[in-house]
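S.K.: Go by the hints and put chains B and C onto chain A.
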Amino acid sequence: MPHTIALAGNPNSGKTSIFNELTGSTQYVGNWPGVTVEKKEGYLKGDKRHVVVDLPGIYSLSPYTLEEVVTRDFLLDGKPDLIINVVDATNLERNLYLTTQLVETGIPVLIALNMMDILERNGDTIQVPLLSEALGCPIIETSAVSRAGLKDLVKTAVHMVDKAEGSGKVAKFSTPVEKALLQIEHLIDTLVPPDTLRWFTIKVFEHDERVMQRLNLSDQTAHQIATIIESVEKSMDDSAESLITNDRYEYLTGITAACHKKARKMGTLSTSDKIDRIVTNRWLALPIFFAVMWGVYFIAIQSVGDLFIGWIEWFFGDLIGANIALGLEAIGTSAWLVGLVVDGIIAGVGSVLTFVPQMMILFFFLALMEDCGYMARVAFIMDRIFRKFGLSGKSFIPMLIGTGCSVPAIMASRTIENQRDRRMTVMLTPFIPCGAKLPVFALLVGAFFPNSAWIASSMYLVGILAVIVSGIVLKKTKAFAGDPAPFVMELPSYHMPRMKGVVIHMWDRGKQFIKKAGTIIAVASAAIWILQSSSWSFQLVDTQDSILASIGRLIAPIFTPLGFGSWEVAVATITGLLAKETIVATFGIVLGLGNVAEGDPTLLASVGAFFNPISAYSFMIFTLFAAPCAAAIGATRREMQSAKWTWAAILFQTGVAYTAALVVYQVGMLLFGRGL
Amino acid sequence: MPLTFIKVGQSASIKAVLGKDETRKFLGSLGFTAGESVTVVSENGGNLILSIKDSRIALDRSMAQRIQV
Amino acid sequence: MANILVGLVVFGALGAIVWKMVRDRRKGVGSCHSGCGTCPFACEKRHD
Chain A
1 MPHTIALAGN PNSGKTSIFN ELTGSTQYVG NWPGVTVEKK EGYLKGDKRH VVVDLPGIYS
61 LSPYTLEEVV TRDFLLDGKP DLIINVVDAT NLERNLYLTT QLVETGIPVL IALNMMDILE
121 RNGDTIQVPL LSEALGCPII ETSAVSRAGL KDLVKTAVHM VDKAEGSGKV AKFSTPVEKA
181 LLQIEHLIDT LVPPDTLRWF TIKVFEHDER VMQRLNLSDQ TAHQIATIIE SVEKSMDDSA
241 ESLITNDRYE YLTGITAACH KKARKMGTLS TSDKIDRIVT NRWLALPIFF AVMWGVYFIA
301 IQSVGDLFIG WIEWFFGDLI GANIALGLEA IGTSAWLVGL VVDGIIAGVG SVLTFVPQMM
361 ILFFFLALME DCGYMARVAF IMDRIFRKFG LSGKSFIPML IGTGCSVPAI MASRTIENQR
421 DRRMTVMLTP FIPCGAKLPV FALLVGAFFP NSAWIASSMY LVGILAVIVS GIVLKKTKAF
481 AGDPAPFVME LPSYHMPRMK GVVIHMWDRG KQFIKKAGTI IAVASAAIWI LQSSSWSFQL
541 VDTQDSILAS IGRLIAPIFT PLGFGSWEVA VATITGLLAK ETIVATFGIV LGLGNVAEGD
601 PTLLASVGAF FNPISAYSFM IFTLFAAPCA AAIGATRREM QSAKWTWAAI LFQTGVAYTA
661 ALVVYQVGML LFGRGL
Chain B
677 MPLTFIKVGQ SASIKAVLGK DETRKFLGSL GFTAGESVTV VSENGGNLIL SIKDSRIALD
737 RSMAQRIQV
Chain C
746 MANILVGLVV FGALGAIVWK MVRDRRKGVG SCHSGCGTCP FACEKRHD
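Protein chains in written order, with the numbering used here: chain A, 1 to 676; chain B, 677 to 745; chain C, 746 to 793.
Chain A on its own, in the form it takes in the complex (with noise of 0.2 Å):
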């Protein structure tokens, strides 16, 4: 049996970093508080005899967030043989807080001081021995980014498992508590190994529900418990809990008084800060947001984008596709097979992959506001828009992530308590333009409006004024009516983006993109084009005449008043269903982008047959809005753990994306159909 080692710290202390640094994993590093309420596991470098479990980032020990529970759940039940506490020691206080409660447990706690080097360049000290003397502790000294004490930190936590060292020092609390809690430690003291005694004592002292239902206590020691409780209170006048939070910081005031120096006086304003005045400002903030996304994504699909397209479709078309093609028929292949190669699959995998540079420099972009911390003070300032309409400020993390991809941002909602706003979340968190979707806006944009910036940049614009929108109306309906929950968030401090971390990132995701176009674009590819070269009967057949025409024309009628009523856009709605990319990957089939000879961007310009400005903008709104792709849908269904609120979902989210999509055409048409 490995012997198991925790790590356990506040949201954004660098425990990811440690985790990756100690397991040789490269889990991705966010920089905003926890979302991911899962744990982690894996085994130390080169160790097998220890496995390290990463938790989620948590504030205390009480069970106020669903992260939180699953911290305790695993330090009470999964029985660690040591947890590594990372600490942020530009944050001390507030970072001990948690030490003193992992220390109750009664598992031997080794510090991880981390960023260090942030604190030195504060120019603040903290005496190490004297802050380890008094938690009775361990501390190792440590820097994730510049790796500094990593290896101290592995030998001396190998080294305490061995050992099976006893734990800290307990925080000592005010003498009426103490007495009390003496008290209840005596009626508790069978019922709870001794380890943990006084971790039990302290949750029934503050009357923690989850505690009291495990400890199942008889009516009368309960009873004699809410006495010993009551007459604290009384005399304190504040409650137990409240008594216990004021004690602790108390105690840990005292410690940090005596070993931590600070060079900023109290109360001043940081760099940070400074920025926060400007970019949170209350006239500033929106048009400061609506400038560096419209920047975003000039530069990432108008500008620097644009510029690598024409290259990558002569690389598909030109010398892969006609280069294979030859060397097929030179082997004597038959023309059926040939086409599927090259006409199918490569021009299905080709004309997504052509997106790839606008994907990265978005990536790019993207990680690079979400590292300097930028990205969580959108939330902050679009809390106040969705507070509006009853929604909190929480709601908008799961759409910051939804900008990458909709599943993990409909699994973020998960921490969002309230469960009408969950719900609403889930529905509404697709509207945000993801990664996926990319590839077909920066195509219709690339055919159609080559030369204004905004169009592309609006969609965001539009998803976000959807979620508003529907939120205002969905709220007026009984199932979603109520208050927003409250928004507590806390935000990390603006630095310097990490470049290297925000490259890794952006690969991450552009590696991601690009398997997913071998894989199931690439499937898909096929399938479509045996689809659109065969007759129901099997034999080959002009694409007119194909399986995939007669279904697309069955279905067409239904998008003529959105402006794209021809057979094959209403087949790439449909193959958008499976993965949104596969929307490019059926035009770029369907157009016979691998027959062509290439040259010039020759899937835009047959895209151009299709569509005109208007229609190509409501198409655009409708690929937005519309049911979001198989994964994400079966994302929702986990979520809302009912096919009901699913199938309500995605009939609420296609008849968004319908309606907007009509409006769209229909007032554009007679606004601006004459000239076209």
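Derived by calculation from the structure, the hints in this document are not laboratory data. Some hints could be false.
To be verified - For each label pair, taking beta carbons as the anchor points, the in silico distance ranges come out as:
#1 A:A148 to C:A761: 40 to 46 Å
#2 C:A758 to A:N122: 53 to 59 Å
#3 C:G757 to A:D483: 56 to 62 Å
#4 A:T271 to B:Q686: 16 to 22 Å
#5 B:Q686 to A:G78: 41 to 47 Å
Claimed, not checked - Capping the alpha-carbon separation at 30 Å, the derived lysine-lysine pairs in BS3-like fashion look like this:
#6 B:K691 to A:K234
#7 B:K696 to A:K179
#8 A:K388 to B:K683
#9 B:K701 to A:K388
#10 C:K765 to A:K48
#11 B:K696 to A:K475
#12 A:K172 to B:K701
#13 A:K40 to A:K172
#14 B:K683 to A:K261
#15 B:K696 to A:K476
#16 A:K79 to A:K48
#17 B:K696 to A:K274
#18 A:K388 to A:K475
#19 A:K172 to B:K691
#20 A:K388 to B:K696
#21 B:K701 to A:K262
#22 B:K701 to A:K169
#23 A:K515 to C:K765
#24 B:K696 to A:K261
#25 A:K234 to B:K696
#26 B:K691 to A:K261
#27 B:K701 to A:K179
#28 A:K40 to C:K765
#29 C:K765 to A:K45
#30 A:K511 to C:K765
Ideal placement from N, C-alpha and C gives every residue a C-beta, glycine not left out.
M.R.: Same frame as chain A, but now just chains B and C:
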């Protein structure tokens, strides 16, 4: 008076956090305890960014009103 | 002859992709922890 009365850039000492629910407990663990000094960094439509114990905490208006200074 | 060879390679590759996707989904590892084998970014764990 409630924290919402404090001007941007000014500091105050917390007297009490009103109410009796989970959110209050959460605020407590973030350092919102009696006697602690808090600075208002930014304000946006009643929502606040606060500086407390070396960290920045964003709060909505209704929460801020429950913090007495 | 060429048809059989090329066909074997092409359909073999496609089959392998599908098989791997189905297997990953079953195992619940997928390209991500939620067992969703088709989503590119689901593996991102926003943690810390």
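S.K.: Please go over all the hints and tell whether each is borne out by the structure.
M.R.: Here is how each hint holds up against the structure:
Taking the beta carbon of each, A148 of chain A and A761 of chain C are about 45 Å apart, inside 40 to 46 Å as hinted. A C-beta distance of roughly 55 Å is found between A758 of chain C and N122 of chain A, which places it inside the suggested range of 53 to 59 Å. A beta carbon spacing of about 58 Å between G757 of chain C and D483 of chain A agrees with the range 56 to 62 Å that was offered as a hint. Range check, T271 of chain A to Q686 of chain B: about 19 Å between beta-carbon atoms, so the 16 to 22 Å window is met.
Judged by the Cβ atoms, the range 41 to 47 Å given for Q686 of chain B and G78 of chain A holds: they are separated by roughly 46 Å. For the suggested pair K691 of chain B and K234 of chain A, the alpha carbons sit about 19 Å apart, so the restraint of at most 30 Å is met. For the proposed pair K696 of chain B and K179 of chain A, the alpha carbon gap of about 24 Å is at most 30 Å, so the pair holds. A C-alpha spacing of about 23 Å is found between K388 of chain A and K683 of chain B, which places the hinted pair at or below 30 Å, so the restraint holds.
Under the criterion of a C-alpha separation no larger than 30 Å, the hint pairing K701 of chain B with K388 of chain A is consistent with the structure, at around 26 Å. Restraint check: the Cα-Cα separation between K765 of chain C and K48 of chain A comes to about 28 Å, which is no more than 30 Å; the hinted pair holds. The suggested pairing of K696 of chain B with K475 of chain A holds, with an alpha-carbon distance near 27 Å, which does not exceed 30 Å. Pair hint K172 of chain A plus K701 of chain B holds up; C-alpha atoms about 20 Å apart against a cutoff of 30 Å.
A threshold of 30 Å between alpha carbons decides the hint, and for K40 of chain A with K172 of chain A the separation of about 33 Å lies outside it, so the pair is violated. For a cut-off of 30 Å, the pair hint linking K683 of chain B to K261 of chain A stands: about 28 Å separates their Cα positions. For a cut-off of 30 Å, the pair hint linking K696 of chain B to K476 of chain A stands: about 29 Å separates their Cα positions. For the given pair, K79 of chain A sits about 18 Å from K48 of chain A by alpha-carbon distance, which is consistent with the 30 Å threshold.
For the proposed pair K696 of chain B and K274 of chain A, the alpha carbon gap of about 34 Å is over 30 Å, so the pair is violated. For the hint linking K388 of chain A to K475 of chain A, the alpha-carbon distance of about 11 Å falls within 30 Å, and the restraint holds. Between K172 of chain A and K691 of chain B the CA atoms are separated by roughly 23 Å; this keeps the pair inside 30 Å, and the hint holds. Our distance criterion of 30 Å between C-alpha atoms is met by K388 of chain A and K696 of chain B, whose separation comes to about 25 Å.
Note on K701 of chain B and K262 of chain A: the hinted pairing holds, with a Cα-Cα distance of about 28 Å set against a maximum of 30 Å. A distance of roughly 24 Å separates the Cα atoms of K701 of chain B and K169 of chain A; the hinted pair therefore holds under the 30 Å criterion. Taking the CA atoms of K515 of chain A and K765 of chain C, the gap is about 13 Å. The hint holds against a cut of 30 Å. Between the alpha carbons of K696 of chain B and K261 of chain A the distance comes to roughly 35 Å, so the proposed pair goes past 30 Å and is violated.
Proximity of K234 of chain A to K696 of chain B is assessed by CA-CA distance (about 16 Å); at most 30 Å being required, the pair is judged to hold. Restraint check for K691 of chain B and K261 of chain A: satisfied, since their Cα atoms lie roughly 26 Å apart, inside the 30 Å limit. About 23 Å separates the Cα atoms of K701 of chain B and K179 of chain A, which keeps this hinted pair within 30 Å; it holds. Taking the CA atoms of K40 of chain A and K765 of chain C, the gap is near 23 Å; set against the 30 Å cutoff, the hint holds.
Note on K765 of chain C and K45 of chain A: the hinted pairing holds, with a Cα-Cα distance of about 28 Å set against a maximum of 30 Å. A hinted pair counts as satisfied when its Cα atoms are at most 30 Å apart, and K511 of chain A with K765 of chain C qualifies at roughly 18 Å.
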